[in-house]
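Starting from the structure of chain A, add chain B where the hints point.
Number of protein chains: 2
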Amino acid sequence: MAHRAELIAVGTELLLGSIVNTDAQILSERLAELGVDVLYHTVVGDNPRRLREALTLARSRVDIIITTGGLGPTYDDLTKQTICDTFGRKNVLYPELADWLRDLFAARNRPMAETNLQQAYLPENCTVFHNHNGTAPGCAFCEGGVHVLMLPGPPRECELMFRTGAEPYLRALSEGVIASHTLRIYGKGESDMESLLRDKIEKMTNPTVAPYARSDECMLRVTAKAATAEEAEALLRPAVDEVMAVVGEWVYGVDVDSLESVCVAALKARGATLAAAESCTGGLLAKRVTDVPGASAVFLGGVVSYTNGIKSKVLNVPQSLLDEYGAVSAPVARAMAEGARALTGADYALSVTGVAGPDGDGRGNPVGLVYVALADAAGATVKECRFGRRTRDHIRAQSVNTALDMLRRRLG
Amino acid sequence: MAHRAELIAVGTELLLGSIVNTDAQILSERLAELGVDVLYHTVVGDNPRRLREALTLARSRVDIIITTGGLGPTYDDLTKQTICDTFGRKNVLYPELADWLRDLFAARNRPMAETNLQQAYLPENCTVFHNHNGTAPGCAFCEGGVHVLMLPGPPRECELMFRTGAEPYLRALSEGVIASHTLRIYGKGESDMESLLRDKIEKMTNPTVAPYARSDECMLRVTAKAATAEEAEALLRPAVDEVMAVVGEWVYGVDVDSLESVCVAALKARGATLAAAESCTGGLLAKRVTDVPGASAVFLGGVVSYTNGIKSKVLNVPQSLLDEYGAVSAPVARAMAEGARALTGADYALSVTGVAGPDGDGRGNPVGLVYVALADAAGATVKECRFGRRTRDHIRAQSVNTALDMLRRRLG
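Chains A and B, in that order, are what the protein sequence lines are.
Counted the way my numbering counts, the first sequence spans residues 1 to 412.
Counted the way my numbering counts, the second sequence spans residues 1 to 412.
So that you can see chain A by itself, here it is in the shape it has in the complex:
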């Protein structure tokens, strides 16, 4: 049976919203890979009574408890003593840790305040986890069939100690691995995926398929458990194929970063270049493409033509088109894309013109009406989008996604 875990973060600064519980995300992701089912995250403040209650509840419902935070030298860090009290262990000095701390401070030429020695205390008979990024060691012990692991709060200390200390400890407990593939989708939502794949989602047990909503897109994760990574992969491959047969049309990539990274990679593979001409997206399309490291190999540049003057002067959009159809129109989108291509000499050019809101454009076009065009040597294609009365951010993001999706389909 898979191990079941609860993560307990200790820190009033989390409850005040001063920091976000990054540790829980990092550890959950790693634990999923190890085949440990994380059932609960809990956050309590620096309050011994509430921590003790949380620990008591946790030991009744999971067999792995991982605490983060509260190992440092400061006054309000009472985690260790509370854990010792709850599990009936003594908090004892580990002389080798005291020596290590003294050496650490000596090497930094800094005097060591006596409070720092608190960090050399851990529950008796525990497995010590060394801290390679800080001064607070962590540990693990098992009491009554429940494994308790204590990790430091700062994310870079926590993450490294998990990798070097906790992960080997946990691997020794478990059998098997969990592996997954992520299908990234644009153009259909989470509920569409749910409807299209309902049978598979309900019937599949290993691998499983689950849809996840993202802010402007969605994804499907196919996950398998097996004895080895190879066996997990062997289970995954046919499941991914099966899912792709149903929804492949909307999948822009498997295990990829983003639509823009897929476009940059496809352009690189063809040795082709890209330019952009943007009106309502105001630079967001160029920004998204240049978010991808190495985009300079394929992206030549772009024009943000926020006024008709710039559209005609820089992009050579004929004034007659602007007069006749207005800036938010298919003919102008086409002329912008062709103009950007001519100006830069790029193989492909994308353009966007539309009404991102909150106000209309004065010509009666509704908020959310956007034209996206893609030009190449063969001419230009235009797509009309009606995103409706959504926020400006949403309309702009969807306009860029539509443009990138047109490009990846053309290059695909």
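Zero decoy hints are in this set.
Given that identical chains are not distinguished, each listed pair holds provided it fits within a single copy or across any two copies.
Below, simulated EDC-like cross-link-like pairs (lysine to aspartate or glutamate); rule was C-alpha separation at most 20 Å, straight line:
{"#": "1", "residue 1": "225", "residue 2": "13"}
{"#": "2", "residue 1": "80", "residue 2": "190"}
{"#": "3", "residue 1": "188", "residue 2": "255"}
{"#": "4", "residue 1": "200", "residue 2": "46"}
{"#": "5", "residue 1": "188", "residue 2": "114"}
{"#": "6", "residue 1": "268", "residue 2": "359"}
{"#": "7", "residue 1": "80", "residue 2": "194"}
{"#": "8", "residue 1": "203", "residue 2": "192"}
{"#": "9", "residue 1": "268", "residue 2": "361"}
{"#": "10", "residue 1": "203", "residue 2": "46"}
{"#": "11", "residue 1": "225", "residue 2": "29"}
{"#": "12", "residue 1": "80", "residue 2": "124"}
{"#": "13", "residue 1": "90", "residue 2": "143"}
{"#": "14", "residue 1": "80", "residue 2": "46"}
These aren't lab readings, by the way, just hints derived from the structure by calculation.
Relative to chain A, chain B alone:
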């Protein structure tokens, strides 16, 4: 007595580490300002039994429960039914929400899957919270002295609904009002603010002053409690003045949205226009300016000159400068800003050229070296920035912040 709250996030994707519990951080910060003590954060998966247990425990130990997530239309979103079962309320159809959903889909020209109607169900006799950023409404009700608030999971939906729905609901529960002003700071960090204001932070009790770190900037919040809004404001005003006397130089605005919104407002006030020329920021500067609704009144457009060819051809940067100094240089930054101003006829032009990484520029310039220029009728000023070996996103964001801060100081 202060209200005590528990935040319960529902979502297997949190337990798998696919996403971080941003909602808990956002809500905790806002609740602290409202004078609500947050005692616990809890995360459970899409599992009715565990959610029910978490709710049962929560109602025994706090008087405000706020759930996030699980309001969407998909199969595994069972939050609402479980909350209804636990608190003995019926889950009923709100016809006005069903109409609203149908209108929303009609406006987007998209067919509405029947599963979407689930979103129009809420516990009977609840206060409905409208969702201005998505399709899932939230709500609040009180049962046996415990207030239960249900908010959607996606952070931008959750945050907006908290502000527009939950916050007024919670304010109505407490006596007196809490009011605050937020001083937005660029160019100094949280720890600088802490040092500069230590005395005031420690001594002030009502109002209080607290610094908060943001990804690329920081802010100070001055908060007062009083019987009425007028009394709170009367307490706040001298406190804000006192803080401004110490750190005013770095405060770009009080209760403002962003550096870019301050710039757009200042340009509007002068009837002046702006253009941009970007290399390493690749459109981010233009994007940020056009994030501001109404930016079209002052922003004419920009050029993303990601290659030297575009810099010389479109922006008229002399080839001799590019050859002699390279694209990442003060003379080229100056020529880009002047070129953008000449091309567009704008009153002000900002330019950015630098090395955002992850690789150097082939001329030996280090990652993080960026030149930012501001041109107006009197000429151009250039600022050299060394952001160091940070992430590409960080360097690009800081480059844009530097450019906008130069402009707001010039206009200020």
